[in-house]
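Asks: The lines below spell out each chain.
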Amino acid sequence: AQSVTQLGSHVSVSEGALVLLRCNYSSSVPPYLFWYVQYPNQGLQLLLKYTTGATLVKGINGFEAEFKKSETSFHLTKPSAHMSDAAEYFCAVTEGSGGGADGLTFGKGTHLIIQP
Amino acid sequence: KAGVTQTPRYLIKTRGQQVTLSCSPISGHRSVSWYQQTPGQGLQFLFEYFSETQRNKGNFPGRFSGRQFSNSRSEMNVSTLELGDSALYLCASSLFSGLSYEQYFGPGTRLTVT
Numbered sequence: 020a021q022s023v024t025q026l027g028s029h030v031s032v033s034e035g036a037l038v039l040l041r042c043n044y045s046s047s048v049p050p051y052l053f054w055y056v057q058y059p060n061q062g063l064q065l066l067l068k069y070t071t072g073a074t075l076v077k078g079i080n081g082f083e084a085e086f087k088k089s090e091t092s093f094h095l096t097k098p099s100a101h102m103s104d105a106a107e108y109f110c111a112v113t114e115g116s117g118g119g120a121d122g123l124t125f126g127k128g129t130h131l132i133i134q135p
Numbered sequence: 058k059a060g061v062t063q064t065p066r067y068l069i070k071t072r073g074q075q076v077t078l079s080c081s082p083i084s085g086h087r088s089v090s091w092y093q094q095t096p097g098q099g100l101q102f103l104f105e106y107f108s109e110t111q112r113n114k115g116n117f118p119g120r121f122s123g124r125q126f127s128n129s130r131s132e133m134n135v136s137t138l139e140l141g142d143s144a145l146y147l148c149a150s151s152l153f154s155g156l157s158y159e160q161y162f163g164p165g166t167r168l169t170v171t
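Residue numbers (the numbering used here), protein chains in the order written: chain E, 20 to 135; chain F, 58 to 171.
Warning: the hint list may mix true and false statements.
What the hints assert, rightly or not - Cut-off 30 Å, straight-line C-alpha distance, at most; resulting in silico cross-link-like pairs (DSSO-like, lysine-lysine):
no., chain 1, residue 1, chain 2, residue 2
1, E, Lys127, E, Lys68
2, E, Lys127, F, Lys70
3, E, Lys88, F, Lys70
4, E, Lys87, E, Lys77
5, F, Lys70, E, Lys68
6, E, Lys87, E, Lys68
7, E, Lys127, F, Lys114
8, F, Lys114, F, Lys70
Unchecked claim - Simulated DEER-style distance windows between Cβ atoms:
no., chain 1, residue 1, chain 2, residue 2, range
9, E, Pro49, F, Leu152, 20 to 26 Å
10, F, Arg66, E, Ser22, 30 to 36 Å
11, E, Ser28, F, Thr169, 20 to 26 Å
12, F, Gln111, E, Thr96, 35 to 41 Å
Worth flagging that the hints you see were computed from the coordinates, not collected in a lab. None of these values were measured; they are calculated from a predicted model. The C-beta atom is built at its ideal place from N, Cα and C for all residues, glycine as well.
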């Protein structure tokens, strides 16, 4: 069965500092990996996804993530934090091969706090 | 293009009642998935519909059901509500079934069971 672990339910960084949100996954087959962001009282917005190919994935709002198979990790980074980045971030995995939606398995989420 | 819409946005029900939530996908999208979000369990996959057929189902009791109409709009129903069903219910649509296609989430329906 697939699973996702996000290290740190809360992460606090200063404005302008590096953002690093950690995600480790467990999957029996090559996974599809996703990062979503959720602002208060809103749904989820896809930041980026890894399916196949290049292991460094660039997403929206300056975020990127690197798929490391040997470490079963998919950490999310942003070089310089902005106040507007304050939100809840979710890492998700699926073993779907593209032929059917197996549903996303989400981590518990990391609340990102930006200090002025 | 309008996004995914969910109605109602907020709902209060009493234990034992049933409830129906509605989701209108982005125009042209044919796949609709439902998720439950709670503080304790996080985000959990409920089920996915494509072309009016349930393609996959998460680990939820039979009290949770859904359907999809020919215009791709979807409804989910929860019968015999329990206090633990209080949650944010999110709907997501994608062009086709399969995770090669990006899922777009709606704002959710906040269900409170008293």
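Asks: It remains to establish, for every hint, whether it holds in the given structure.
Replies: To see whether the hints hold, each was checked on the structure:
{"no.": "1", "hint": "E:Lys127 with E:Lys68", "result": "holds, 18 Å"}
{"no.": "2", "hint": "E:Lys127 with F:Lys70", "result": "holds, 27 Å"}
{"no.": "3", "hint": "E:Lys88 with F:Lys70", "result": "violated, 45 Å"}
{"no.": "4", "hint": "E:Lys87 with E:Lys77", "result": "holds, 15 Å"}
{"no.": "5", "hint": "F:Lys70 with E:Lys68", "result": "violated, 37 Å"}
{"no.": "6", "hint": "E:Lys87 with E:Lys68", "result": "holds, 14 Å"}
{"no.": "7", "hint": "E:Lys127 with F:Lys114", "result": "holds, 20 Å"}
{"no.": "8", "hint": "F:Lys114 with F:Lys70", "result": "holds, 24 Å"}
{"no.": "9", "hint": "E:Pro49 with F:Leu152: 20 to 26 Å", "result": "holds, 23 Å"}
{"no.": "10", "hint": "F:Arg66 with E:Ser22: 30 to 36 Å", "result": "holds, 31 Å"}
{"no.": "11", "hint": "E:Ser28 with F:Thr169: 20 to 26 Å", "result": "holds, 24 Å"}
{"no.": "12", "hint": "F:Gln111 with E:Thr96: 35 to 41 Å", "result": "holds, 38 Å"}
The structure does not agree with the numbered hints 3, 5 stated previously, though it agrees with the rest.
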